[in-house]
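Residue numbers (this note's numbering), protein chains in the order written: chain E, 1 to 295; chain Z, 296 to 612.
There could be a bad hint or two in this list.
Just a few of them, taken from the derived set where beta-carbon distance is under 8 Å, the chain Z residues facing chain E [as the list claims (entries may be wrong)]:
no., residue
1, S313
2, F403
3, A415
4, M597
From the derived model, a few chain Z residues whose C-beta atoms are all more than 12 Å from chain E [said to hold, decoys possible]:
no., residue
5, T358
6, R552
7, Q559
Just so you know, the hints here were simulated from the structure itself, not pulled from any lab data.
Virtual Cβ for every residue (Gly too), placed ideally from N, Cα, C.
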Amino acid sequence: MRLSFEKQKKIGGFLFTLPFVIGFFLFFLYPLVQAVIFSFNELVLTSTTFELQPRGWENYRYALQVHPEFTRTFVEVIGQLLTRLPLIIAFSFFAATLLNQEFRGRALVRALFFLPVIMSAGIVMRLEMNDYSVIMLQAARSGAGFGGAALRNLFADSAYMPSWLLDYVIGAAESLPIVIRSSGVQILIFLAGLQSIPREIYEAVSVEGATPWERFWLVTFPMLSPLLLTNIIYTIVDSLTAMNNQLVIMIRDTMLRGAGYGAAMAMAMIYFVTIAIILLVVYRLISRKIFYYVD
Amino acid sequence: MLMMSTAALRRLNKWTISVLRTILLIGICFVILLPLINRLSTALMPVEDLYDQSVRWIPRNPTLRNFQLVWVHMEYVKAFTNSFLLALTTSVLQVASCTLVGYGLARFRFPGNGLIFAMAIFTLIVPPQLIIVPMYLNFRFFNFMGLLGDNTINLIGTYWPFILTSMTGTGFRNGLYIFIMRQFFRGMPRELEEAAFIDGAGLFRTFFRVMLPGSIPGLIVAFLFSFVWQWNDYLYVTTFMSNQTFLPQALEAAPGRIGRMLSQTDALASSSGFLDNHFYSLINNAGMLLVILPLLILYLFMQRHFVESIERTGIVG
Chain E
1 MRLSFEKQKK
11 IGGFLFTLPF
21 VIGFFLFFLY
31 PLVQAVIFSF
41 NELVLTSTTF
51 ELQPRGWENY
61 RYALQVHPEF
71 TRTFVEVIGQ
81 LLTRLPLIIA
91 FSFFAATLLN
101 QEFRGRALVR
111 ALFFLPVIMS
121 AGIVMRLEMN
131 DYSVIMLQAA
141 RSGAGFGGAA
151 LRNLFADSAY
161 MPSWLLDYVI
171 GAAESLPIVI
181 RSSGVQILIF
191 LAGLQSIPRE
201 IYEAVSVEGA
211 TPWERFWLVT
221 FPMLSPLLLT
231 NIIYTIVDSL
241 TAMNNQLVIM
251 IRDTMLRGAG
261 YGAAMAMAMI
271 YFVTIAIILL
281 VVYRLISRKI
291 FYYVD
Chain Z
296 MLMMSTAALR
306 RLNKWTISVL
316 RTILLIGICF
326 VILLPLINRL
336 STALMPVEDL
346 YDQSVRWIPR
356 NPTLRNFQLV
366 WVHMEYVKAF
376 TNSFLLALTT
386 SVLQVASCTL
396 VGYGLARFRF
406 PGNGLIFAMA
416 IFTLIVPPQL
426 IIVPMYLNFR
436 FFNFMGLLGD
446 NTINLIGTYW
456 PFILTSMTGT
466 GFRNGLYIFI
476 MRQFFRGMPR
486 ELEEAAFIDG
496 AGLFRTFFRV
506 MLPGSIPGLI
516 VAFLFSFVWQ
526 WNDYLYVTTF
536 MSNQTFLPQA
546 LEAAPGRIGR
556 MLSQTDALAS
566 SSGFLDNHFY
576 SLINNAGMLL
586 VILPLLILYL
596 FMQRHFVESI
606 ERTGIVG
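Bound conformation, chain Z alone:
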């Protein structure tokens, strides 16, 4: 009898915990999804619905006009192509360089190993805003360590600032990727590469044939971070390539352009105060969704690998 009741008690206990957990998780997921839902519902509203106090969440007269306006005035296709090419180039280069460095730090004992690791962490804690101006000047008057003398090259407006910093693992938050890859390689069995070496493979062959295939989960994590942060980047893109349109700049410029266009063609709209905060909010929300959408799709495809692999990365050390 007593045995029965403790068993029942335990089951009740377990049940309570799982109910509490479900409530908590639903609540947290709601908080996370709220801005996305809010943005979507606002982006689908005509401006009248936003004025109407009785309309909440579900637009009364859903419209795609906001998306159309933003699509055209952001020059979405062009901005998307630019952003995509830049993010892809930098993230591939960054992942490649950070993987090499991470491997070097994880598996080689040599004088300066600890120092180089400390340097990588140091690059992380210095805010980019601090060094962006000197970096701009160095690329504006680029003379390769004084080798070119007074004949400086202007690299601003080209992909070179991104390529050079990415290739050397000094781009935005690259210290983090070096850290991730180092931890990942540290967790791989040492016997693997020693066996390959005894079989006659050189260091680089061992790395490319044995270690790299095993590190794909780590590569996915670093790539996703790198791609997402470059995609959303505003600071570097506006500093180094202000002559071209990328998504963040396009998003920022769109409301003004749309406003100007509408005030010229649609006298009624401008006089009746359509071009106010409400209207810009609709435009902004539609634009933000268009900027995030490719990332959401990317995440949808990669999230399974992403979540699984970060567990296996064992960022623990």
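Excised from the complex, chain E in its bound form:
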């Protein structure tokens, strides 16, 4: 007997998603729960299995109070993420609108913009951090007044700018190369969004006599706003799993050479919970302002 379309679709949905559901419980949720348990224990490996020795909150206390650098690095990494996030989002938005325009050589420029996605992953970035020639290049660049020093001199006498804002602007200029290189995927996502805005909307507002400026704020920006959230989440995920993330390196070192698995798990847990809270706050703040277009 052949089932009806609706019935088949219901069963089909379960069938298609079943592999992931199994994998989620076996290879994701189960290890995650174990990770939570490990963070309250010390892990001892034996030849056939592993044992846990309960330590209570000791691992967390170690991470926050005893470890000489965890707290400082933690604050630094989170701070860096929060300062870079708006820059990356703004830059990728801007770059996507640029790349969406018609001009000669567009295909080549687009291909180049996404190149960092390939080059800036994993081991390459990690080695780059301690590479002599790269450090020299950076030194030469800041010496030549790329961003930092020159900007500071320019604004030094300015009374109009509060110092924290000045620091932020200078920091932004200095991290511009990093921002550009970590925006590849985000540009791609915004570009996809720009392409999917129906042409009729632009035509309609043009007939109503909207200026390009109004067109941007009344059409482009609201239509892209759902992607803001996608990109923010991606940026946070990307930075928190990066191989050159100081905290990730510290967690790994603690695991292999330092105070052991339990302490490393506690550090990773503190880090993860903080990230989750940031994501939640960002989501709450933004989702209220997002405009969903339904056609």
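Based on the hints, put chain Z in the right spot on chain E.
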């Protein structure tokens, strides 16, 4: 007269914008290409050139010695083959499983649809470093949900951890591919599959015959991401397969090996301080280029499809 001048003004305006845009784009492309150029120029230098302050960008005595040394001591052919096989296996499996899941989420209304989608996103935001140790232990003492009792199997050092996680769409960043494929299938016309169904094709036939061919651009995007990230992966490879050499490990080990080799055979080199940061920098740069090169070639061939198809993926939702 007035008409003329506004037309001229508009043309001037347009011209200014295009000049500004060109300058900006060139600047950004320069920033993107700078590390690659820097790496290439350093990798081609003999160590004397790196010491020489007057040598910048263009090596005075270009040499391929760095590449030769790295090629041999990374055991490049072996490491490349391992990396290639692993990246290909995992990315094919990951794309296959994520496509199925993405299709299931995009086109079927069933209780739990939203929950499963939320689960996929959740796997994305948990850093792999957090669960890597429990995962290692589960594969080290693998007993299939307790079915094997105390007779655990050691899957570490085999391809199985990668195969199992890839098949179930729980590998590295697989949530992203599920997301991409879901968005892609959502954008495809519904009439297509309904017509196929009315013609008597079952669900899976409809999927393979009608939906899959139409989703090739999305598959390319997911495949490229998956391949590149597996290629560059360090965490999973060192945890699950530390007994074999893949490119990232080979790259990390090469400078030490070369140093040891040179200090044994070349007393002059070690005593005169050739084995310092400068020298290792040359080795590292040559090695990094060798690691990235296959990806660059892959990207060169796929970039046209890649850029076009991500636009059509319409990750918008």
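A quick look at each hint next to the structure:
no., hint, result
1, S313, "7 Å, holds"
2, F403, "3 Å, holds"
3, A415, "7 Å, holds"
4, M597, "10 Å, violated"
5, T358, "15 Å, holds"
6, R552, "15 Å, holds"
7, Q559, "23 Å, holds"
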